[in-house]
Amino acid sequence: MNYYRLRVFKNRLMQLLVYLALFSALAPLLSILFEVIRRGFSTINFDFFIKPTPTVGEARGGVANAIQGTLITIGFASLIGVPVGLMSGIFLSEYGESKLAVAVRFLHDVLSGIPSIVIGVFAYALITRSIGFSVAAAAFALAVIMIPIVTRTTEEALRLVPVSIREAAIALGIPRWKTTITIVFSSAKRAIVTGILLSTARIAGESAPVLVSMGFWRWWFAGLDRPAANLALNIFIFAMSPFENWIALAWGSALVLILLVLGISVATRAFTRGY
Amino acid sequence: MASKFEIQNLNAWFGLKHVLKNINMKIEEKAVTAIIGPSGCGKTTFIRCLNRMHETTPGARVSGRVIFNGVDIYGNGVDPVMVRRKIGMVFQKPNPFPMMSIYDNVAVGLKLNGVKDRKILDAAVRRSLELANLWDEVKDDLNKPGVSLSGGQQQRLCIARALAVEPEVLLMDEPCSALDPIATAKIEALIRKLAENYTVIIVTHNIQQAARVSDYTAFFYLGELVEYGLTKQIFENPKHELTERYLTGEFG
Chain A
90 MNYYRLRVFK NRLMQLLVYL ALFSALAPLL SILFEVIRRG FSTINFDFFI KPTPTVGEAR
150 GGVANAIQGT LITIGFASLI GVPVGLMSGI FLSEYGESKL AVAVRFLHDV LSGIPSIVIG
210 VFAYALITRS IGFSVAAAAF ALAVIMIPIV TRTTEEALRL VPVSIREAAI ALGIPRWKTT
270 ITIVFSSAKR AIVTGILLST ARIAGESAPV LVSMGFWRWW FAGLDRPAAN LALNIFIFAM
330 SPFENWIALA WGSALVLILL VLGISVATRA FTRGY
Chain B
972 MASKFEIQNL NAWFGLKHVL KNINMKIEEK AVTAIIGPSG CGKTTFIRCL NRMHETTPGA
1032 RVSGRVIFNG VDIYGNGVDP VMVRRKIGMV FQKPNPFPMM SIYDNVAVGL KLNGVKDRKI
1092 LDAAVRRSLE LANLWDEVKD DLNKPGVSLS GGQQQRLCIA RALAVEPEVL LMDEPCSALD
1152 PIATAKIEAL IRKLAENYTV IIVTHNIQQA ARVSDYTAFF YLGELVEYGL TKQIFENPKH
1212 ELTERYLTGE FG
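So the protein lines, in turn, are chains A and B. Basically my numbering = 1-based index in the first sequence + 89. Basically my numbering = 1-based index in the second sequence + 971.
Incorrect hints may have been included.
Sample of chain A residues at the chain B side, in silico, Cβ under 10 Å [unchecked claim]: (1) 200; (2) 257; (3) 264; (4) 272; (5) 275; (6) 278; (7) 282.
Far from chain B, by Cβ distances over 12 Å, these chain A residues were calculated [claimed, not checked]: (8) 112; (9) 134; (10) 143; (11) 193; (12) 199; (13) 203; (14) 250; (15) 260; (16) 311; (17) 336; (18) 349.
No wet-lab data here; the hints were simulated from the structure. Here a beta-carbon is modelled for each residue, glycine too, at the ideal position from N, C-alpha and C.
Please model the complete structure; the sequences and the hints are all you need to start from.
This is the structure:
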């Protein structure tokens, strides 16, 4: 009987500790959200979404150009990063035992550990130095950051598909490549989309590599060989500026960035909802 | 009766392990052939050699000839994918495709082989589900996920899926071992019905099941074919002492 009461007590104690840990993990997150919404919301108005960066003295202005620039940059980064990541993920899961695959997997691990600023400098040396500060260079840098994330989540997701499912498809007389890109892929679809999503969210928030390869830009998108405005950079530059209206825009940009990431996430979830 | 398969000197390995040794046998068309024997005797490997599934396992190897409709399926220039379209397979555990509806599970083999016409697909789905004795139970729920069915229904769905691509042979690897007696009885009745038009080869652990459903029985032991003949003869009057000892439950 005594043991039982002790056990009940220990159970309660552990439960309490678990809840405390949960709370301390959530507290910073919630306070960030709260603060960003509180400060950012007041700066958001109609102009905010349709006007580009104001000049120093100008009162009215927005981040429309940064939203446009961010979407274009992420879009181009995904255009490079997603196919390369998906293909390497398929390669690793389907031919994972070969020496080449072991090497590729190791390199992806190394790549995902490289600080993003180093990747930015790499893009700078490779692209910016020849064509100048540009969307192309930033998209390239962000794609390099995306690739290992997409690759590893794709590989993991495909590996989780049971052998019995592959065998069922192969026994139906479906060629192996079709089995992989239809049956196996559809079984792993959600996990893969989640991986792509996470990587998009990650690059949407990157500022260092963007700063090095593309730089800050206050105007509208003007071509892939030119820079474009960027939300993460807006926060970085505006927050450090001495001007009231720019600081306010930094909070607004932070809110928009969070909403953007949230929006992508919700939209894609709705898209992949099936069985 | 005509032979559907003529197997000559079939050997199979997993790495260095020799799991099938010099199998020679003929398998009759439009009949049920049961493969029995204790665990690890090569039953499953044997049927996986008949549709070239064995070689999909890393390190697996085959030698010998498997003549199917007069052609050696291990001959030069034979596409294993085409072999598998003619020789369907049902597995031990029901394995419907998890993200697909009942309809898609059945239609997918045709769809991925290029059939796009909705009418043809609808007809094939209905025909296959009817053949698998599942149509009446699912006809109103074709859009529900395949995995929402019961175990026995899932296995019949897998049979329908295999039948949809119009094979000539159905290989079944212990199709009832994960099912309860009622579901098992349904599958056994189905096997008898299918034998009217298909050549069925069934691996089973269950000796009574072999007696109930098969026309011919092959007894494997340690990778060798010990005895093969009419089921009635094997069960009533086995020629080998080993067969008799296995059938009377002396070892399993």
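Inset, instruction - Could you tell me which of the numbered hints above are not met by this structure, giving the numbers in increasing order? - result: Of the numbered hints given earlier, those the structure breaks are 1, 7, 14 and 15, listed in rising order.
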